[in-house]
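Residue-level listing of the chains:
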Amino acid sequence: MSDPLHFDPIQAMQEMAVFQRKLAAGMTQLRGVGEPEYANTPRELVYREDKLTVWHMRGEREPTAKTPVLIVYALVNTVWMTDLQPDRSLVRNLLAQGEDVYLIDWGYPDGADRWLTLDDYLNGYLDRCVDAVRTRHGLDAINLLGICQGGAFSLCYTALHPEKVRNLVTMVTPVDFRTPDNMLSHWVQGVDVDLFVDTMGNIPAALMNWVYLTLKPVRLLQQKYVNLVDILDKPVELENFLRMERWIFDSPDQAGEAFRQFIKDFYQGNKLVRGTLEIGGQPVDLGLITQPVLNIYAEQDHLVPPDASRALARHIGTTDYTELAFRGGHIGIYVSGRAQREVPPAIHQWLRERD
Amino acid sequence: MAEQAGEFFGNWQALARESWDAWLRKAQSAAGAPFGSSPAAGADDVFARSMSGLKAYMDWMQGAAAGAASPASAPDWSQSLRQMFEGAMGGGQPFAQAFGHAGPAAGGFAPAWQAMWEAARPGMPGAEPVAAFGHAREQQLQQQALAAAMMEYLETHARYQALIERAHAQGMERMQEKLAQLTAAGHPVETMKAMYDAWVDAAEDAYAEVALSDEFREVFGAMSNAQMRLRQLQQQQVEQWCREQGMPTRSEVASLGQRLQEVRRELRASRAEKAKASDGTSSALQAEVAALKRRIDALEGERQPAVATKAAKSPKATKTTSAKRRAAPAKTVARAAGPRTSKK
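Residue numbers (the UniProt record's numbering), protein chains in the order written: chain G, 1 to 355; chain Y, 1 to 344.
The following block holds chain G by itself, in its conformation from the complex (with noise of 0.2 Å):
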């Protein structure tokens, strides 16, 4: 068998040369870049407590949906992965399809958040952010979309307050938490989470974010730099990239007891899909979700496993169950270009049958 090591030296030398050029001309292109802007899509603050605000996101034409659509995100990271940039916003493409879109953003938590626990954010903060657009709208209930962590939230909530909720959509939502192939779930199972709360208080997104990183290390701290070199002279490019890692890295700390609940009862007890599950001594019961479900997940999510997700049929007591494969991952299902065209009009069909 020949050498599989043989390089041609001057094609090596030649490799080097063109990654030193690109380093060099990207200095160009790096300087005085100062942050790079979230898509902005204007909005209106309608309700506000504490850190968190409630907004209602305006479109370029008047909603054509009966029904508004409140979006309930994860509390780890920031909304505005569903707002990234003009060309690659959720937001934006569910307005331009005829949707009235309001969103909740938590707010970076601080330490006067520490005690704050799911039924705080379950039955306070999330309650009163639902009775702020359905007093709004004079509607007894009205649709929740609910993504990864935020998905999970949606479908406690749609379960204590039924009356409230009128189409439930999931995007990237575990909810099985123990499938195999969950490798955050399978590091977490030996961790003293009552020893990790009371020492960190509330837990740094620095560390949340390096527990992400290390899931994929190579590929996430190294690589991902490497190809950076590739596109230091693609000035787009170059901000789309810098824009992610904006979003990736400008984090919230997660206040630490609902950190401590949602780990211990989530991730190590599993408890929403063996029925154990409480939020303010109330039991929290899959099967009586009788509302229409819609659940997006991702096929190659590493972070929230396809199964972690499918296991909602298992589960889940409507008979008005869809569920939708996106080929892609858990952050491609938002700013994919394939996300854009088939993700937004997939939620809007399945609300309007339902509106």
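Treat the hints as calculated values from the structure; they're not laboratory data.
You may find that some hints are simply not true.
Below, a list of computed lysine-lysine pairs in the PhoX-like style, where the Cα atoms sit at most 20 Å apart [said to hold, decoys possible]: (1) 22(G) with 193(Y); (2) 55(Y) with 224(G); (3) 224(G) with 22(G); (4) 276(Y) with 164(G); (5) 216(G) with 276(Y); (6) 193(Y) with 178(Y); (7) 66(G) with 51(G); (8) 224(G) with 274(Y); (9) 66(G) with 224(G); (10) 22(G) with 216(G); (11) 55(Y) with 22(G); (12) 55(Y) with 178(Y).
Based on these hints, arrange chain Y on the given structure of chain G.
Relative to the frame of chain G, chain Y by itself:
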């Protein structure tokens, strides 16, 4: 020929290194710390850490290119491959980078404690507990606990690093297999970038396998728990010092926050209860009013014919009405409803 090429690459490497350093300096001066900074670390340090992945790749490229220029330096290609990655990448350097330089809140904890341990070791008690007594008894016990926790943490961290090294070694094996397959199929890897990408794929696959093992789960948990015990003991010492200096402690602030949150919850619950009670009363009143209206309407309907035979029927009709009114269910509700019904 090979010698000439080796010399040429040696010069090239030096040039590349100078170029990298110059680039780094320019980038720092132009953009400060474009990827974020921490008050605890200088901008130079933060920037260098952010760019360390890129730097490692540069080093690797130089090493790989030098290897290409002198292919006879290792007896077989698999050994050359190993040297290529373990030399320039520093024995799984990207993994080390992932777990060793992520800042004080995360992986940087281990090197920081390692250094502190080395510095403090001469004055610290050993792992063996020693009976404590005397006026400094409490401090002795604290020191012993801290020393034990530090040793436990470093031991779990070493186990963790061993697993990372195992992942790296398995990644190399996977890569060799992949390269051999590609070459046998007539599709050899021809560029350094393609080689690097193949190595990343192999390393990540191997890492995923190790990271999903029971052993990794156990070690990850043990390391995390040991680190938290160590942090907690450290916090206790700092708090004790703060108390001695009359300064507020983290525990006190946390305690206040907890109480405040409890009061907020009670306040909200109380308001909700009040609103609910008010809603309930209002609904009950509305129901009462509606019921009474219906009765009045019915009575008025009965009274219409009575008007025609007024003289004979009126006393009886009055009695019946009085009896029906007495039958109103809730006294307080009926009283409150009274004026409204009469108005109507």
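Results for each hint:
A distance of roughly 14 Å separates the Cα atoms of residue 22(G) and residue 193(Y); the hinted pair therefore holds under the 20 Å criterion. Proposed proximity of residue 55(Y) and residue 224(G) is supported: the alpha carbons are some 13 Å apart, at most 20 Å. Our distance criterion of 20 Å between C-alpha atoms is met by residue 224(G) and residue 22(G), whose separation comes to about 15 Å. Distance hint between residue 276(Y) and residue 164(G) is fulfilled; the C-alpha atoms sit about 17 Å from each other, no more than 20 Å.
A C-alpha spacing of about 51 Å is found between residue 216(G) and residue 276(Y), which places the hinted pair above 20 Å, so the restraint is violated. Taking the CA atoms of residue 193(Y) and residue 178(Y), the gap is near 15 Å; set against the 20 Å cutoff, the hint holds. Taken as a hint, the residue 66(G) and residue 51(G) pair is broken in the structure, with Cα atoms around 29 Å apart against an allowance of 20 Å. Proximity of residue 224(G) to residue 274(Y) is assessed by CA-CA distance (about 56 Å); at most 20 Å being required, the pair is judged violated.
Restraint check: the Cα-Cα separation between residue 66(G) and residue 224(G) comes to about 43 Å, which exceeds 20 Å; the hinted pair is violated. Distance hint between residue 22(G) and residue 216(G) is unfulfilled; the C-alpha atoms sit about 26 Å from each other, more than 20 Å. For the given pair, residue 55(Y) sits about 14 Å from residue 22(G) by alpha-carbon distance, which is consistent with the 20 Å threshold. With a C-alpha separation of about 26 Å, the suggested pair residue 55(Y) and residue 178(Y) falls outside the 20 Å cut-off, and the hint is violated.
Comparing the model with each numbered hint stated earlier shows that hints 5, 7, 8, 9, 10 and 12 do not hold.
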